[in-house]
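Build the full structure now, drawing on both the sequences and the hints.
So this note's numbering is basically just the index in the sequence shown, starting at one, shifted up by 2.
For the record, the hints were derived by calculation from the structure and aren't laboratory data. Be careful, since some hints might not be right.
Said to hold, decoys possible - DSS-like mimics (lysine-lysine), calculated; alpha carbons at most 30 angstroms apart, straight line: (1) Lys376 / Lys149; (2) Lys246 / Lys16; (3) Lys204 / Lys77; (4) Lys47 / Lys77; (5) Lys71 / Lys388; (6) Lys388 / Lys376; (7) Lys47 / Lys71; (8) Lys246 / Lys77; (9) Lys16 / Lys376; (10) Lys246 / Lys402; (11) Lys71 / Lys252; (12) Lys204 / Lys246; (13) Lys402 / Lys252; (14) Lys384 / Lys204; (15) Lys16 / Lys402; (16) Lys16 / Lys252; (17) Lys402 / Lys376; (18) Lys204 / Lys47; (19) Lys379 / Lys402; (20) Lys402 / Lys204; (21) Lys204 / Lys149.
Said to hold, decoys possible - FRET-style restraints, in silico, Cβ to Cβ: (22) Glu157 / Gln287: 24 to 34 angstroms; (23) Pro264 / Ser208: 20 to 30 angstroms; (24) Lys47 / Ala283: 30 to 40 angstroms.
Predicted model, so just to flag it, every value in this text is computed and none were measured. Beta carbons: idealized from backbone N, C-alpha and C, even for Gly.
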Amino acid sequence: MISMSLLSTLLEAKPPPLAASDGVHTFTYDSVQRRLPLIVEAVLKNNPSYPVELEESLRNLAAEIECGKPLQALKAPPATWAAEMAPLLAETNTWFTAPWFLVENYFYKRILELTDPVTGGSDPFAAQKLASLAAAEGAFQRMLAAKLDTTEDLERLVMTSLWGNVADLSVSAGDVLVTPEKASEGVDGEEVDDMLLADDTKALCSALIAARSGEVIIVLDNCGLEFVADLLLIDGLLRCGQNKITLHVKDTPVFVSDVTVPDIEPHLSWLESNHGQEMAARLRQAFTDGRVEVEAPTFYTSSIPFYEMPDSLRTRFGAAELVITKGDANYRRMLGDLHWPFDTPFSELMSYWPSSVAALRTCKSGVLVGVSEKVTKVAAGKHPDKWLTGGLYGVVQYHK
Numbered sequence: 003m004i005s006m007s008l009l010s011t012l013l014e015a016k017p018p019p020l021a022a023s024d025g026v027h028t029f030t031y032d033s034v035q036r037r038l039p040l041i042v043e044a045v046l047k048n049n050p051s052y053p054v055e056l057e058e059s060l061r062n063l064a065a066e067i068e069c070g071k072p073l074q075a076l077k078a079p080p081a082t083w084a085a086e087m088a089p090l091l092a093e094t095n096t097w098f099t100a101p102w103f104l105v106e107n108y109f110y111k112r113i114l115e116l117t118d119p120v121t122g123g124s125d126p127f128a129a130q131k132l133a134s135l136a137a138a139e140g141a142f143q144r145m146l147a148a149k150l151d152t153t154e155d156l157e158r159l160v161m162t163s164l165w166g167n168v169a170d171l172s173v174s175a176g177d178v179l180v181t182p183e184k185a186s187e188g189v190d191g192e193e194v195d196d197m198l199l200a201d202d203t204k205a206l207c208s209a210l211i212a213a214r215s216g217e218v219i220i221v222l223d224n225c226g227l228e229f230v231a232d233l234l235l236i237d238g239l240l241r242c243g244q245n246k247i248t249l250h251v252k253d254t255p256v257f258v259s260d261v262t263v264p265d266i267e268p269h270l271s272w273l274e275s276n277h278g279q280e281m282a283a284r285l286r287q288a289f290t291d292g293r294v295e296v297e298a299p300t301f302y303t304s305s306i307p308f309y310e311m312p313d314s315l316r317t318r319f320g321a322a323e324l325v326i327t328k329g330d331a332n333y334r335r336m337l338g339d340l341h342w343p344f345d346t347p348f349s350e351l352m353s354y355w356p357s358s359v360a361a362l363r364t365c366k367s368g369v370l371v372g373v374s375e376k377v378t379k380v381a382a383g384k385h386p387d388k389w390l391t392g393g394l395y396g397v398v399q400y401h402k
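Structural data, given as structure tokens:
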């Protein structure tokens, strides 16, 4: 049963959702009007074999976005996407006026609607994912030099997983960026501690220790550096005696670099080719003997917030000792992608969650809770243009 009393009260007067119509100078407007068309261009650049007709259709999609035209009904399967989005699309929303999370989900469905019939369902972002993995080599070597593949220091591994989230192809418009140092060398440094707006790391690590005899579910985010960092955390948890870890991934390619089931094997092979043979062997054995499993609920490619999750997923989470969500999109979804005041307590908004839950997220959107006005003022004073959306700051937030 959901503990909805407090959340329901908050939602009665809930703040509005983020949208491009928040203003032309907002990060959200820039994300829709500029970044989404650039993602289309990156798809075309990385798939030069696409026929002319498909290229033209994708360019028309980019132009449609830039002009802020009304959202069209989805025409191609899976039918569940069309059914889920039909009521929202019937509201005559445009690319600029519709809620941002809806727009982003709809955008990737429109890409797949165009590419799947032509390519037989191949991943339009596959080349970018592989490039992001190749770009992680330097960071991974620094991680190995820091002995993150052998340490049992859970706090260091949690920090590594957190800062790996800086790498996100949906935010960089499909461009593979240079790996930030704090994702590898500075994972336990004082400077990195200063970049945490909320830090429940110790409570999370205590919860991980308490959960060793049960199951931990990790809701993954990005391929490349972030998934490599997540695999370090997963391997570390197993070495420390974790009984069961289940990875939740997307069932179709969305948000450019989000992990799908077919992305897992290339990452394990990449570890083996980059001096991570022993770690890869341990992980492969864990997959073989069932200590690590993978699930891809269709919910994750919907635009529905977590507080409206289906009963099947609620039951699934409720059976776990702990759920860890990775990344910005999952964080936004946990909070409905709404303009909550930054100091709204995280635990109040997580009252609906059916198990203990933690969010590891670097700040790459306007959604943030659980952070005092004093802390946000300091961050905004140091980095006025990027503190909230540039991935410079992060949060580790835990609710029991």
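Right, here's what the structure says about each hint:
1. Lys376 / Lys149: violated (36 angstroms)
2. Lys246 / Lys16: Violated, at roughly 37 angstroms.
3. Lys204 / Lys77: violated (48 angstroms)
4. Lys47 / Lys77: Since the Cα atoms of Lys47 and Lys77 sit roughly 25 angstroms apart, the hinted pair holds (cutoff 30 angstroms).
5. Lys71 / Lys388: Holds. Lys71 to Lys388 sits at ~29 angstroms (cutoff 30 angstroms).
6. Lys388 / Lys376: holds (17 angstroms)
7. Lys47 / Lys71: holds (24 angstroms)
8. Lys246 / Lys77: Not OK: Lys246 and Lys77 at ~40 angstroms, beyond 30 angstroms, violated.
9. Lys16 / Lys376: holds (24 angstroms)
10. Lys246 / Lys402: Between Lys246 and Lys402 the Cα gap is close to 19 angstroms, so the pair holds against 30 angstroms.
11. Lys71 / Lys252: It holds: about 28 angstroms lies between the C-alpha atoms, which stays within 30 angstroms.
12. Lys204 / Lys246: holds (21 angstroms)
13. Lys402 / Lys252: Measuring from Cα to Cα gives roughly 26 angstroms; hence the hint holds.
14. Lys384 / Lys204: At roughly 26 angstroms apart (the allowed maximum being 30 angstroms), Lys204 and Lys384 satisfy the hint.
15. Lys16 / Lys402: Holds, at roughly 23 angstroms.
16. Lys16 / Lys252: holds (28 angstroms)
17. Lys402 / Lys376: This hinted pair holds, its Cα atoms lying about 25 angstroms apart.
18. Lys204 / Lys47: At roughly 44 angstroms apart (the allowed maximum being 30 angstroms), Lys47 and Lys204 break the hint.
19. Lys379 / Lys402: Holds: Lys379 and Lys402 sit about 28 angstroms apart, inside 30 angstroms.
20. Lys402 / Lys204: Given pair Lys402, Lys204 holds - Cα atoms ~13 angstroms apart, limit 30 angstroms.
21. Lys204 / Lys149: holds (21 angstroms)
22. Glu157 / Gln287: 24 to 34 angstroms: holds (26 angstroms)
23. Pro264 / Ser208: 20 to 30 angstroms: violated (35 angstroms)
24. Lys47 / Ala283: 30 to 40 angstroms: holds (36 angstroms)
Hint violations for this structure: numbers 1, 2, 3, 8, 18 and 23, all remaining hints satisfied.
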